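Start from the sequences, fold in the hints, and give me the full structure.
Letter by letter, the chains look like this.
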Amino acid sequence: MKKPARVDEFAAFYEATKTPVFRAVLLARAGEQHAAEDAVAEAYEKAFLRWDKLADHPNPTAWVIRAAINQRISTWRRHRRVVADSGAISPMDDAALDPALVQLIRQLPKGQREVLALRVLLDFSTEQTAEALGVKQGTVKKQLHRALHALRLHLVTHEEEAWQ
Amino acid sequence: MTIELAEGDIRDAFKNVTFETPVSKIISGARRRQRRQHRVLGTIPAIGFVAAGGAALMTADDLQIASVVCYDKGDPNDPNQGQVNPTSTGQTPESLCAELWEGGYMRGGTRGVVPPLTACVITHNATGMFRGNVGVFPTDEEDLCSTPGLQPLPEGYVNRAMPFAKMMEDAGATIREAAVREGGSEKGACLTGDSAMRVVTEVLRRHGYGDWTVRVAADSEGPCRTEVWFEPQDREAMITSTDPGTKFLTINGGRTASPPEDW
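Protein chains in written order, with numbering that gives the first Met the number 0: chain B, 0 to 163; chain Z, 0 to 262.
Derived from the structure by calculation, the hints contain no laboratory data. Source: prediction; values computed, not measured. Be aware that one or more of the hints could be misleading.
Listed below are the simulated DSS-like cross-link pairs for lysine-lysine, each with C-alpha atoms no more than 25 Å apart in a straight line [stated by the list, open to error]:
1. LYS14/Z - LYS24/Z
2. LYS109/B - LYS135/B
3. LYS24/Z - LYS52/B
4. LYS14/Z - LYS109/B
5. LYS109/B - LYS141/B
6. LYS109/B - LYS140/B
Here are some, though not all, of the chain Z residues that point toward chain B, as calculated from beta-carbon distances under 10 Å [claimed, not checked]:
7. SER23
8. ILE25
9. ILE26
10. ARG30
11. VAL179
12. GLY183
13. GLY192
Where a beta carbon is used, it is the ideal one built from N, C-alpha and C, also for glycine.
Take a look at the structure:
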C-alpha cells in the first residue's frame, strides 16, 4: 500500500499529464479511441504500482507513453470492450476530433504517427522522443519530416478538392 | 503551408480531446490489477487473502512465500498466470500448480493432463509484481532456472512457507466463521472493518506475527471487509472488501485459488 504522500504525488502527476498523454496515444493509435483509453488507463495503473521507483525517473511521462503505446491490451479488457462494442465499431465516435483528420492520420505509418504524437502533442525533444520510442534521433527527424510532409500534401489535396 | 502551420493544425485538432478518468479510478484499477495477480483466497467466495510485495533478496528466508505463481508458458513476462497459496502440509510449488493444470484451468491445458513442471524463483521485475515469487513453468527444460531473470529454488523454501501457510489457513477459517456468525448465514457472511481487524490481529498474534500492523483499506467499497492482503515486506495486513465480479476457483480440499485472468 502506497504511503499517502506518494499517492498525492502520483495524483498530481496524473492530473498534469493525463490529457496530453491521451491525445498522443490517440494519435499514435490512429484515432482508435477505446483502444487509446484502455492503453492510457493501463499504463497509468502500472505507473501507480511502481510509483516508488518511477517518481525518481527523469521523465515519467515518457515511461507512461511508452507503456501505453507498446502494451498489448489485455485479454480481459478486450473482452470487456467486445461487450461494450457489440454494435458497429466506430472509432472516434465520441472524441472531439475531425473525422477528416482521423482519416489522414490513419494513412500515416505507425512510426510516423508515434513520432508526431510525441514531438507535436507532447512537445518532447528529438532526444526524448528517440529515447521513449527506442529509435535513433535521426529516425525521429526523418519520421517527423515525412509525417508532416504527408499531412501537408493531404491537406493541400483536400483543400483543392473542396474548391472543385 | 509551412511545417509550423501543420504542427499547429494538429495541436488545434486535438485541443478538445480530454481524458476524464478520475485518478481514484486509476488507483482502484491498479489495486485490482495487483490483487488479481496476488490473490490467494479463503474457502468461501466472500473471503480471501492477497499477498503483495516481493522480497529484495533471493534467499529462502526472503522469498515471497504467500503465493505461488503458475504460468501457462515458460515465460515469466507472460501475463496469463494463476496463483495458489502454499499449504501447511508442505506441498511443493510444482504440486500446487499441478492442481490447476489437473483441473483444466490453465490456458492451453487439458483437464486431467499435467505437463512437466519446473519451479524457479523470479529475480527480475519485468512484470512489476513478481520479483521474489516462486514461478512454476510448464517445461522440463533443465536450464530454465539458469536463464536471466530466474534462479533455482533455494533449499528450505517449502519449510519456510509452511508456517505462513498455516497462518493463512487459520485466518481463512477464522474469518469465515466470524463472517458467518456476524452475517447470520453462509450466504450473508459479512464482517465490519472493526470485527475484521480484531480477527486478523488475533490470528497474526497466535502465529507469531504479533508485530504486524493491521489496517482497513480506505478504498474499500460495500459494507463487508472480508478480504485481507498480507504484505510481508511491510509486515502489514490490509483489510479490504472483495471486488465485485471476482472469480473463484475451488481446488483440492475446498481450497480456492485465483485462475488465469480470463478464466
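Interface hint status, VAL179/Z versus chain B (Cβ within 10 Å): violated, 28 Å
Interface hint for ILE26/Z, Cβ within 10 Å of any Cβ on chain B: holds, 6 Å
Hint validity - GLY183/Z Cβ closer than 10 Å to any chain B Cβ: violated, 31 Å
Satisfaction of hint between LYS135/B and LYS109/B, Cα-Cα up to 25 Å: Between LYS109/B and LYS135/B the Cα gap is close to 16 Å, so the pair holds against 25 Å.
25 Å Cα cutoff - pair LYS24/Z, LYS52/B: holds, 21 Å
Agreement of LYS14/Z and LYS109/B with the hint, judged by alpha carbon distance not exceeding 25 Å: It holds: about 22 Å lies between the C-alpha atoms, which stays within 25 Å.
Per-residue hint verdict: GLY192/Z, partner chain B, C-beta under 10 Å: violated, 15 Å
Hint check, ILE25/Z versus chain B [nearest Cβ-Cβ separation less than 10 Å]: holds, 5 Å
Hint consistency between LYS109/B and LYS140/B [alpha-carbon to alpha-carbon, up to 25 Å]: holds, 15 Å
Agreement of LYS14/Z and LYS24/Z with the hint, judged by alpha carbon distance not exceeding 25 Å: holds, 24 Å
Straight-line alpha-carbon gap LYS109/B to LYS141/B, limit 25 Å: The given pair, whose Cα atoms are some 14 Å apart, holds under the 25 Å limit.
Restraint check, 10 Å cut-off on beta carbons, for SER23/Z near chain B: Hint on SER23/Z: holds, closest Cβ of chain B at ~9 Å, below 10 Å.
In summary, the structure is inconsistent with hints 11, 12 and 13 from the numbered list given earlier, while agreeing with the others.
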